[in-house]
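Colleague: In case you want the letters, here they are:
There are 2 protein chains.
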Amino acid sequence: MTGYNRVALIGLGLIASSMAHAMRAHGLAGEIVGHAKSPETRATAVEIGLCDRVCETAAEAVRGADLVVLCVPVGAMGAIAAEIAPHLAVGATITDVGSVKQAVVEAVAPHLPPHVNFIPGHPLAGTEHSGPRSGFASLFVNRWWLLTPLEGNDPAAVQRLRDFLTGLGANVDEMDVQRHDLVLAVVSHTPHLIAYTMVGVADHLRRVTQDEVIKYSASGFRDFTRIAASDPTMWRDVFLTNKEATLDILGRFTEELFMLQRAIRMEDGAFLHDYFTRTRAIRRGIIEAGQDTAAPDFGRGVPPSDKA
Amino acid sequence: MTGYNRVALIGLGLIASSMAHAMRAHGLAGEIVGHAKSPETRATAVEIGLCDRVCETAAEAVRGADLVVLCVPVGAMGAIAAEIAPHLAVGATITDVGSVKQAVVEAVAPHLPPHVNFIPGHPLAGTEHSGPRSGFASLFVNRWWLLTPLEGNDPAAVQRLRDFLTGLGANVDEMDVQRHDLVLAVVSHTPHLIAYTMVGVADHLRRVTQDEVIKYSASGFRDFTRIAASDPTMWRDVFLTNKEATLDILGRFTEELFMLQRAIRMEDGAFLHDYFTRTRAIRRGIIEAGQDTAAPDFGRGVPPSDKA
Ligand SMILES: NC(=O)c1ccc[n+]([C@@H]2O[C@H](COP(=O)([O-])OP(=O)(O)OC[C@H]3O[C@@H](n4cnc5c(N)ncnc54)[C@H](OP(=O)(O)O)[C@@H]3O)[C@@H](O)[C@H]2O)c1
Ligand SMILES: NC(=O)c1ccc[n+]([C@@H]2O[C@H](COP(=O)([O-])OP(=O)(O)OC[C@H]3O[C@@H](n4cnc5c(N)ncnc54)[C@H](OP(=O)(O)O)[C@@H]3O)[C@@H](O)[C@H]2O)c1
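Going line by line, the protein sequences match chains L and F.
According to the working numbering, the residues represented by the first sequence are 1 to 308, in order.
According to the working numbering, the residues represented by the second sequence are 1001 to 1308, in order.
Be careful, since some hints might not be right.
Below, a list of computed lysine-lysine pairs in the DSS-like style, where the Cα atoms sit at most 30 Å apart [as the list claims (entries may be wrong)]:
#	chain 1	residue 1	chain 2	residue 2
1	L	K37	L	K243
2	L	K215	F	K1243
3	F	K1037	F	K1243
4	L	K243	F	K1215
These are calculated hints, taken from the structure and not from any lab test.
Since this is a predicted model, take the numbers as computed values, not measurements.
Bound conformation, chain L alone:
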C-alpha cells in the first residue's frame, strides 16, 4: 500500500494544507489529523474541512499516527518535537518540511525516542501566500522533494515515505544535510534576501518617486516584490538557522556585484556583454531540466488565448 493509515500535520499553513488536499486527491491517508497553534487557524481548518480531525494540542494530534509531518516555521520545530516525543507511536515516521535541514536536525533529533524514524525533508515548492486557505493539491506536482535521511533510518521507512511523496506528485531526491543547506542558500535563501533588499530600497525611495515605483513595477521589480512578499516568520527563521551558508553566498554575491558595478563605472561594455551572455546559458539549462517554461508571456498573467 502507498500511503499511511493516519497522518498528523503539525502546523496548518501553505505546505500542510497543500499536502492535505493532495492526500485527499490521491487517497494517500486513511485519516488526516491536524493541529495549529492559534484557535483561529484551527477554526478555519474545521470550517473548510481541511482535516478529518483538528486537535487542540500537537501531543493529541500525533497519537496513533504512523506519519507525522512537522509543517511549522523552522524555529518552532524543536519545541514541538519535545512536546510530541512521549506520544509518538512505535514505528512511526516523523518528517518535516522545513527550508533548512541542519538546524532542524539539531533541534528535533535529540528529543525523539529510538522507536521512531525521523527522516528530514524539504519540498522545493511554495508560493508567497501562507495560512490554511492558501494550499492547493497540485503544489508539489513535478517539484523536487528533498529528503536528507539520517544514520540509523530504517530503509523500508525511507522507501515508504518516498512512495508517499511521489504519490503527492513530487520527484523525490536524497541529499546530505550540509549540502542541502549550501545548495538552498544559492538557489533560494540568498535570492530571497536580495529580493527583500531591493524592495526595501524601493520602499525608501517611494517618497522621492511617489507611487511611480508601484505603478511602473512591470518587468524586473515586480518579480522581486512577489518573492519579497513571502512569510516574514518563515524567512526570519530561514536566515537565522542557515546563517553560515547564507553569509558565505552573500559575500560572493557582493564581490561579484562590485565587479559589475565597476564595469558600469568604467563603461566596459565588452565585459558586461560577455557576462550577460554567460548567464543566459544557465537559464537554458533550467528550461531543459523541466523546472520552468520558455513561453514568451510567462509570468504576465495573460491567458494564452489572448496571444496572437
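Based on the hints, put chain F with the ligands in the right spot on chain L.
Modeller: Structure of chain F with the ligands alone, referenced to chain L:
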C-alpha cells in the same frame, strides 16, 4: 482616424514585431515597412510576413512614413537618426522604444530636422526573448507606455501618438526625461543587474554544486534566471547609458544589503521580521494597481485547471 498611413519600424526584434502584430490586429497602420541590420533578420521578417515591405536600409524604410519607430538597442539609436534624418517626411512623427531616455534624446534629437516631431517613448513591457519571431500582439495590453515629450513637440502630434499607442492596448503616461531614468533604474535596471549578478554567482558555484543549482532552481532563483536571460546587447546599452542613476540605486542597495547581512550575523530576528513585514506592503500595492496577479500558483506554469 486612429493610426498612421505608413509606419516604419527600424529594428525588427521583440518590440517591433509585437507592434507589427498589434497594429495588424487593430488596423492601426495603412502600411507597415520594416528594416533590420542583418540580412538574416530581414529574411525572417519576409518569411513570416511581419511587414508589408522590408527594406535594405533604414533611409529607404522611412521614406513617406508618417510614423517612424526606432526599435533598436539604445546604443544604436544615434547612428540611425543620422542616417534617416535627410529622408524623413515633413510633419512625420519619430518615436523610439528605448529603455533609457536621456541618452536617446541626446543621441537622436540633434540629427533630426525641425519639420518632424521627435516624441521619445518606452513601453514597460517585454519578455526575455528577442528577435523577429518573439513578438505577439498582446505584449502591450494593460502595460504602461511612457512618453517623455520634448519642448516644441506639436500637441496634436503627441495626442495622435497617444491614441495610436492606446490602440495597441497600452496605458499611456507622460513623464519628464530625467525622472523616467531614475524611476526605471529602481523598477527595472537595478533589479536586472542584481539578477545577472546572482545568476553569475550560481554559475561560478556550479563546479561546487555540480548541476544541483539548475536541478533545484524552483522558487527564488528560477525567477532571477529568467530576468538574467534577457538580451545582452540591449542590457549592456541600458547600463552604459543610464549609468549615473543605476550606480546611485546600486549604492543604496549595497548599503541596505549590508544592514540585513549584519542583522543575520548578529541574529537580530526582530529586525529581519520587521523588515520582511514592510516589504509585503509594497507587493499589495502592486496587486491593487493591477500590475500583477495574486493567483496562488502564479509563475509555476501549471494550468489553472490542474488546481484543486
Ligand atoms: N512557503 C514556502 O514557500 C515553503 C516552501 C518549502 C518549505 N517551507 C517550510 O514549510 C514550513 C511551513 O511553511 P508554510 O509556508 O506552510 O507556513 P505558513 O503558511 O505560515 O504556516 C505555518 C503554520 O505553522 C503553525 N505554527 C507556527 N508555530 C507553531 C507552533 N509553535 N505550534 C503549532 N503550530 C505552529 C502556524 O499556526 P498559526 O496559523 O496558528 O500561527 C501555521 O499553521 C516552514 O518550515 C517553511 O520553512 C515553506
Ligand atoms: N525586450 C524588452 O524587454 C524591452 C522592453 C522595453 C523596451 N525595450 C527596448 O526596445 C529596443 C529593442 O529591444 P528588443 O527587445 O526589441 O530587441 P531585439 O529583439 O534584440 O531586436 C533588436 C533589433 O534591432 C536591430 N538592430 C540592432 N542594431 C541595428 C542597427 N544598427 N540598424 C538597424 N537595426 C539594428 C536588430 O537587427 P538584427 O536582428 O539584424 O541584429 C534587431 O532586429 C531596445 O532599445 C530596448 O531597450 C526592450
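Colleague: Each of the hints needs a verdict: does it hold here or not?
Modeller: Going through the hints against the structure:
1. L:K37 / L:K243: holds (26 Å)
2. L:K215 / F:K1243: Roughly 23 Å separates the two Cα atoms, so the pair holds.
3. F:K1037 / F:K1243: Holds: F:K1037 and F:K1243 sit about 26 Å apart, inside 30 Å.
4. L:K243 / F:K1215: holds (23 Å)
Checked against the numbered hints above, the structure violates none of them.
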